[in-house]
Amino acid sequence: MQLDGLTGKFGKEFQSGEIIFCEFEPGDDFYLIQKGKVKISKIVKDTEKTMDILESGDIFGEMAILEEQPRSATATAIDNVQTLHFNRENFVTLMSSQPQLAFKLLVIFTKRIYDARRRLKILLLDDVQAKVCDTFLMLSEKEPNYKDLKEVVLRITSDGIAHWCGEPVERIQPVLSHWAKLGKIELFADRVHVNNLNDCRRTVAMKRKEMIS
Amino acid sequence: MAGPTLRTYKAGSIIYFIEDKGSDVFVLQKGRIILISNSLDSASEIKEDVQKGEFFGVKSALGAYPREETAQVLADSVVLVFTPVMFEAFCTKNPRLVLQMLKVFSGQLRKVHRKVREVLGETGQQENSVELLRTAESFYKMNLKDHANYAFKTFLKNYSTSNFATRGQSMLDMISRGQPYPVEMDSLETIIEKIRLGEMDVSQNAESTNFGDMQMNDVGSMEPPPLDDFSQPEDMHIPDMDDTGLSNDDGSGMMDIPDMDLPDMDIPDMDLPDYTPSMKKPPQMNVPQPSASKPALEGITQFYYDGVNEFSKQNWDVAIKRFEAALSINKFENDAEASFLEKSLFELGRTYMRKGDLTNGIGKLSDFVKKYPRNPNLKKAMAYIAEGYEKKGDKQRAMALYNKVVSMPPRDKESNYAKTQLDRLMK
Chain L
1 MQLDGLTGKF
11 GKEFQSGEII
21 FCEFEPGDDF
31 YLIQKGKVKI
41 SKIVKDTEKT
51 MDILESGDIF
61 GEMAILEEQP
71 RSATATAIDN
81 VQTLHFNREN
91 FVTLMSSQPQ
101 LAFKLLVIFT
111 KRIYDARRRL
121 KILLLDDVQA
131 KVCDTFLMLS
141 EKEPNYKDLK
151 EVVLRITSDG
161 IAHWCGEPVE
171 RIQPVLSHWA
181 KLGKIELFAD
191 RVHVNNLNDC
201 RRTVAMKRKE
211 MIS
Chain H
1 MAGPTLRTYK
11 AGSIIYFIED
21 KGSDVFVLQK
31 GRIILISNSL
41 DSASEIKEDV
51 QKGEFFGVKS
61 ALGAYPREET
71 AQVLADSVVL
81 VFTPVMFEAF
91 CTKNPRLVLQ
101 MLKVFSGQLR
111 KVHRKVREVL
121 GETGQQENSV
131 ELLRTAESFY
141 KMNLKDHANY
151 AFKTFLKNYS
161 TSNFATRGQS
171 MLDMISRGQP
181 YPVEMDSLET
191 IIEKIRLGEM
201 DVSQNAESTN
211 FGDMQMNDVG
221 SMEPPPLDDF
231 SQPEDMHIPD
241 MDDTGLSNDD
251 GSGMMDIPDM
261 DLPDMDIPDM
271 DLPDYTPSMK
281 KPPQMNVPQP
291 SASKPALEGI
301 TQFYYDGVNE
311 FSKQNWDVAI
321 KRFEAALSIN
331 KFENDAEASF
341 LEKSLFELGR
351 TYMRKGDLTN
361 GIGKLSDFVK
371 KYPRNPNLKK
381 AMAYIAEGYE
391 KKGDKQRAMA
401 LYNKVVSMPP
411 RDKESNYAKT
421 QLDRLMK
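Taken in sequence, the protein lines are chains L and H.
One point on numbering: in the numbering used here, the residue at position 29 of the first sequence is 29, and numbering is uninterrupted.
One point on numbering: in the numbering used here, the residue at position 194 of the second sequence is 194, and numbering is uninterrupted.
Just so you know, the hints here were simulated from the structure itself, not pulled from any lab data.
Yeah, the Cβ is synthetic: ideal placement off N, Cα and C, and Gly gets one too.
Worth double-checking, as some hints may not be accurate.
[To be verified] A few chain H positions that, by computed beta-carbon distances, are all more than 10 Å from chain L: (1) T8; (2) C91; (3) R110; (4) A136; (5) H147; (6) L172.
[Stated by the list, open to error] Listed next, the in silico EDC-like pairs over lysine to aspartate or glutamate satisfying Cα-Cα at most 16 Å (straight line): (7) H:K153 x L:E55; (8) L:K147 x H:E19; (9) L:K45 x H:E131; (10) L:K104 x L:D46.
From just these sequences and the hints, can you work out the full model?
Listed below in structure tokens is the structure:
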């Protein structure tokens with residue numbers, strides 16, 4: 001994208017650790033990262049949950065400008081961050097002059113919708129085991145190389161699984177330990193080795209079927 | 001570059017099935033097509049007509065994930081088919097179309113986010129101002145003071161007329177003074193719940209809502225609270241409020257709690273973060289010295305608030321003396337004044353608990369429960385006692401008490417807290 005000419009007019013810098021905007025803050029501007037990393041987080045029950053780490057070329061804050069709604073997450077500069085900063089007034093102009101950027105936004109939105117819906121599907125299961133299974137499936141779906149694989153290694157912690165399941169880790173841990181004892185999975189500090197994803201598929205399918213009936 | 005191709009479909013045919021992988025994007029030109037998808041909980045099927053000129057298959061094509069619906073042709077149809085490259089080229093030439101799609105997508109995204117929050121049981125339906133304040137307070141609780149500072153300032157800048165503006169300002173002041181989050185204060189949730197239940201009137205007490213149960217009839221003292229007001233603890237029911245629950249309480253079985261005699265044992269401070277008692281603005285006064293010989297009139301309130309002040313400064317021993325002084329008074333002008341006896345006993349027990357003197361804490365709170373089974377703080381007192389027992393290692397007694405709290409109507413924050421603790425202990 002040819003954005004160099006925009007830096008003077010729209011450039012905005014943030015220091016390491018500086019908050020760029022916070023969840024529920026009204027806002028009508030969005031940012032394109034030119035340099036540095038930005039953490040996107042949400043507060044869940046007085047705990048900060050990191051949703052994403054964005055890098056150069058990524059866009060954030062775009063939601064507020066399309067609808068008059070507050071920020072849906074908090075953005076914090078991880079290191080010194082240089083951004084291009086746009087608002088509602090110049091958004092249409094920008095999108096018209098930078099249609100690739102508009103298209104990029106469109107793609108980002110479709111992915112976000114999918115991810116959010118996928119997460120909701122996990123949360124709507126009414127059984128902890130099925131939720132964990134579906135979390136494994138969801139994580140493997142995110143890895144293109146894992147397509148049709150039965151045995152996968154997923155980079156996630158117990159806390160991470162609990163987060164996806166919307167359950168306290170104390171409820172997730174016994175399930176994981178039990179499966180580890182049965183040899184269905186191997187647990188490591190930062191990853192889970194799932195020996196048979198097909199088991200997970202069956203468990204989730206059965207649960208969904210039960211829920212329908 | 002070649003443009004999109006025209007394709008015709010016979011009635012009854014399928015353009016793509018749900019879960020298919022495919023990267024083409026379609027536009028209905030003529031005919032009738034429906035999209036059949038499953039609701040998110042898989043419990044029902046959703047059918048949607050595609051409008052003429054409408055794109056479909058966009059999200060799965062752009063996001064490179066499986067189709068989320070089946071596209072079924074109901075009447076002979078003609079569609080335009082875009083490959084991903086064509087679609088991108090088309091979009092870049094038609095930014096207005098992209099803007100329209102962005103609006104639709106952002107709406108969809110927010111809808112799903114809302115649903116996620118609902119499923120997670122998070123409060124998602126509050127006003128944005130309240131949510132922003134909640135976020136600021138969460139940062140503060142997490143000791144992310146720069147973030148909290150930013151969020152409180154943002155809140156005050158955008159919602160300066162909010163009913164909670166004073167609360168926000170006071171917290172901001174506290175941050176600037178380097179003070180920790182006032183855990184003794186009524187949580188935002190508690191205040192909102194009280195307003196919801198009609199126990200607190202926002203319109204009449206816009207400022208007071210910042211301080212939980214702040215004295216409702218003390219209109220004269222409604223000026224912005226002093227900076228250290230947030231260090232004023234406790235769920236106090238102020239005289240003349242007549243809301244002590246006496247008339248509503250059925251008092252069922254409240255006396256039926258385990259014996260409270262305990263061996264002496266001191267352990268470190270109890271921390272009951274989920275109990276965020278309200279901050280109230282005490283009457284304007286100078287901090288008096290305790291004196292049991294003081295006249296009863298005003299004396300008990302004086303001692304009481306004095307104790308509350310000391311409590312907030314974590315001067316446990318001095319606070320204990322003040323509350324004991326309050327309890328030593330036995331002549332009262334009216335019932336309202338007498339009610340400070342109850343409050344003082346409750347606070348005395350809590351102060352012992354906070355000091356780490358569990359034996360005295362449990363003892364005083366048990367006295368409170370036995371003497372004042374109709375006091376609104378009854379459940380809290382029982383939960384504190386339960387926590388004390390647990391810290392002493394008496395899990396059974398702690399569970400019995402939590403169980404008791406859970407069974408006592410109405411279902412409220414204390415019941416939920418007790419249930420959580422009970423579940424935890426039962427594991």
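Here's how the hints hold up against the structure:
1. T8: T8 (chain H) clear of chain L: closest Cβ-Cβ about 27 Å, beyond 10 Å.
2. C91: 5 Å, violated
3. R110: Violated, since 7 Å does not exceed 10 Å.
4. A136: Label violated. Min Cβ-Cβ 8 Å, cutoff 10 Å.
5. H147: 5 Å, violated
6. L172: 14 Å, holds
7. H:K153 x L:E55: 28 Å, violated
8. L:K147 x H:E19: 14 Å, holds
9. L:K45 x H:E131: At roughly 12 Å apart (the allowed maximum being 16 Å), E131 (chain H) and K45 (chain L) satisfy the hint.
10. L:K104 x L:D46: Distance of about 33 Å is beyond 16 Å: violated.
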